[in-house]
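Student: Model the full assembly from the supplied sequences, consistent with the hints where possible.
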Amino acid sequence: MTIAFDDFLKVDIRAGTITAVEDFPEARKPAWKLTVDFGPEIGVKRSSAQITAHYGKDDLVGRQVLGVVNFPPRQIGPFMSEVLVLGLHDAGNDVVLIGPERGVPNGARMC
Numbered sequence: 001m002t003i004a005f006d007d008f009l010k011v012d013i014r015a016g017t018i019t020a021v022e023d024f025p026e027a028r029k030p031a032w033k034l035t036v037d038f039g040p041e042i043g044v045k046r047s048s049a050q051i052t053a054h055y056g057k058d059d060l061v062g063r064q065v066l067g068v069v070n071f072p073p074r075q076i077g078p079f080m081s082e083v084l085v086l087g088l089h090d091a092g093n094d095v096v097l098i099g100p101e102r103g104v105p106n107g108a109r110m111c
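In terms of full-length UniProt numbering, the sequence shown opens at residue 1 and continues consecutively.
If you're looking for bench data, these hints aren't it; they were derived computationally from the structure.
Even for Gly, the Cβ is constructed at its ideal location relative to N, Cα and C.
Accuracy of the hints is not assured; some may be wrong.
[To be verified] The following label-pair restraints were derived from C-beta to C-beta distances:
(1) Asp-6 to Glu-26: 36 to 44 Å
(2) Lys-29 to Phe-5: 32 to 40 Å
(3) Asp-59 to Arg-102: 13 to 21 Å
Tutor: What follows is the structure, given as structure tokens:
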């Protein structure tokens, strides 16, 4: 399917820094609860991420990621996910996070 460039521009993808990671024992598949700082314009958002195969809590705090910040909040069991943190499936179908190659300001928009 082909989309117009204007459609792509509607997706607001921003850089943010993970500031906290919590267990999510209620999740159907192993997941972490992430707190991500997207800078002063967007603020701090929460997300559920099924990334436990490659990332422990200590691997994540301080790491910059990309996230879609303009999707509506989504209820994940007892948790409200406010942002979609982006990743790719590897050969084993586990998620590898997407983030900037170098540090950028929190809230920087993908262009």
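Student: So which hints don't hold here, by number, going up?
Tutor: none
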